[in-house]
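Protein chains in written order, with our numbering: chain A, 1 to 84; chain B, 1 to 452.
By construction, these hints were calculated from the structure, which means they are not laboratory data. The structure presented is a predicted model; accordingly, all values stated were derived computationally and were not measured. Take these hints with a grain of salt, some might be off.
What the hints assert, rightly or not - 35 Å max Cα-Cα, derived DSBU-like pairs, lysine-lysine:
1) Lys245(B) to Lys38(A)
2) Lys4(A) to Lys324(B)
3) Lys351(B) to Lys74(A)
4) Lys5(A) to Lys324(B)
5) Lys76(A) to Lys200(B)
6) Lys35(A) to Lys243(B)
7) Lys324(B) to Lys74(A)
8) Lys41(A) to Lys388(B)
9) Lys3(B) to Lys41(A)
10) Lys200(B) to Lys243(B)
11) Lys2(B) to Lys41(A)
12) Lys38(A) to Lys3(B)
13) Lys200(B) to Lys35(A)
14) Lys74(A) to Lys388(B)
15) Lys40(B) to Lys48(A)
16) Lys63(A) to Lys351(B)
17) Lys60(B) to Lys264(B)
18) Lys4(A) to Lys242(B)
19) Lys200(B) to Lys47(A)
20) Lys47(A) to Lys388(B)
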Amino acid sequence: MNIKKNIALSDSGFVFDPSSGDSFSTNPIGLEIIKLMKNGKSADEIKKLITSSYMIDDNSFEKDLYDFVNMLQKLKIAEGEEKK
Amino acid sequence: MKKLQYERPVITRLNTGVTNKFGTKTAFTPVTHVDGNEVKTLIANYGSPLFVISEQTIRKTFKDANRAFTTRYPKVQFAWSYKTNYINAVCNVFHQEGSWAEVVSGFEYHKALNNDVPGSKIIFNGPDKTEADLRLAIENNSLIHIDHLDELYLIKELAVEMNKKPRVAIRVNMDTGVYPIWDRFGFNYENGQAWDAINKIMLNDKMELVGLHSHIGTFMLSPNAYGIAASKLSDLALGIKKKYKKNIQYLDLGGGFASKNTLKGSYLQGVDTSPTFDQYAEAISTAILNAGFLEEELPLLILESGRSLIDEAGSLLGSVISNKRLSDGRRATIMDFGVNILFTSFWYDHKISPAQDFSQYTEDAVLYGPLCMNIDVIRENITLPPLKRDDHVVVHTVGAYNMTQWMQFIAMRPAVVMIDMDEKPHIIRRRETLSTIESVEMMPEYLKKFKL
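The shape of chain A in the complex, shown without the other chains (with noise of 0.2 Å):
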């Protein structure tokens, strides 16, 4: 899965998608979980990142990434296969 190349990001979390002029906003993990994905990342690379700094544990992270991955799709934010 990858992030659309044009998509822009503030740092406050404001996300717009230039080619459907759709604007979108995302709270501060949503964010790093975005840029993370735009910087070639792994869903398990960004699992570790993730649980290390917050406190979360792997299972419910998974779940909420699971979820999240889910609604970028949805959006047209993401496209694509996941990549393992």
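We have chain A already, so just place chain B on it with the hints.
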């Protein structure tokens, strides 16, 4: 290194459209405590879900209502509506504040007697009073509000047999400009049924007609309707005085005042639209005072308010079971309480607050209960911060009807805790257990054994 506080990642599309004239709601306040008690601790001690009743709020609300009426009318008496919440501890707070009891069944009548309410201060309403109930009420000199002619004739027979003169009132239904008219209860004012019943009582002399009663509806958002009801009851009372030279001792305007809940489909919040006690009191008092009674013959004004006196004192604490995503992308959050114990979620969009701190990010969600039934929806649409499993919420304004209409369905009914004036919690109803349910079941001998 200390780890950072985690919040579930959320992303929402920003929609442009017509601006809400009230602005967007961006500020939520977490409700971490109820009357000085931490939600987390209450749940740890008494389980989740948990009903919590604030004694402080009950007494404050009662005093507000009492002040609104007593500052406008010289003789006022409240009677606690048992069906709204008949947990004994709740009833007794109202009795300590001076409320009589208003009951609608033999079961509730016995509850009031067990709470040591004098029989003469119990108002017995409703269409279903058995012969045994009526005998007891006559014996105890209670105020019997007659609902139909069958009851009237039965009381007459019992009065002769018991050689007692029962104190009765008739329930009167009427057009107050609010529809549908609750004409299934009592005798109609406009078509002469009420006068017919009055004549039957007055001419027979076996009963004493002491009052007139009406209860025009529920969650009434129009105080004027009460003004009309009070005028019509006053008109009947003055007519009785003229025709029979008999002073009616009291007018009972019933209940039905709205609480601060928001009805489903309502554009504005209940806190903004529900009339205040002062508005109801003004309409009722003005109508009776202007009706033409001599000052010394003004009837006692009885009020049977339930919902408006207890709703705000009740909160339901609950926990998140799970989050999931519906097929259309909406967030669904499953709570550990459903319509089985929060019956009023069929009527209201209950205000629900998270019980822990969170950031300013929110998500639209559907809030489901835990039942394996499709109808178990607490809120069809609610904006909440990202909640995770085991997070707690507080459902506000649930004191009325939930603790009487709750169902033992799929799950057990939870415990109820009352927080006293010194902010100390007391358990006033234990959580049900399997044995609570099975104690009334019987197993025929031949069904006790089976092989699988």
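These are the hints, each one checked on the structure:
{"no.": "1", "hint": "Lys245(B) to Lys38(A)", "in the structure": "violated, 91 Å"}
{"no.": "2", "hint": "Lys4(A) to Lys324(B)", "in the structure": "holds, 25 Å"}
{"no.": "3", "hint": "Lys351(B) to Lys74(A)", "in the structure": "holds, 30 Å"}
{"no.": "4", "hint": "Lys5(A) to Lys324(B)", "in the structure": "holds, 29 Å"}
{"no.": "5", "hint": "Lys76(A) to Lys200(B)", "in the structure": "violated, 77 Å"}
{"no.": "6", "hint": "Lys35(A) to Lys243(B)", "in the structure": "violated, 87 Å"}
{"no.": "7", "hint": "Lys324(B) to Lys74(A)", "in the structure": "holds, 15 Å"}
{"no.": "8", "hint": "Lys41(A) to Lys388(B)", "in the structure": "holds, 25 Å"}
{"no.": "9", "hint": "Lys3(B) to Lys41(A)", "in the structure": "holds, 21 Å"}
{"no.": "10", "hint": "Lys200(B) to Lys243(B)", "in the structure": "holds, 13 Å"}
{"no.": "11", "hint": "Lys2(B) to Lys41(A)", "in the structure": "holds, 24 Å"}
{"no.": "12", "hint": "Lys38(A) to Lys3(B)", "in the structure": "holds, 24 Å"}
{"no.": "13", "hint": "Lys200(B) to Lys35(A)", "in the structure": "violated, 84 Å"}
{"no.": "14", "hint": "Lys74(A) to Lys388(B)", "in the structure": "holds, 22 Å"}
{"no.": "15", "hint": "Lys40(B) to Lys48(A)", "in the structure": "holds, 30 Å"}
{"no.": "16", "hint": "Lys63(A) to Lys351(B)", "in the structure": "holds, 28 Å"}
{"no.": "17", "hint": "Lys60(B) to Lys264(B)", "in the structure": "holds, 27 Å"}
{"no.": "18", "hint": "Lys4(A) to Lys242(B)", "in the structure": "violated, 87 Å"}
{"no.": "19", "hint": "Lys200(B) to Lys47(A)", "in the structure": "violated, 82 Å"}
{"no.": "20", "hint": "Lys47(A) to Lys388(B)", "in the structure": "holds, 17 Å"}
In summary, the structure is inconsistent with hints 1, 5, 6, 13, 18, 19 from the numbered list given earlier, while agreeing with the others.
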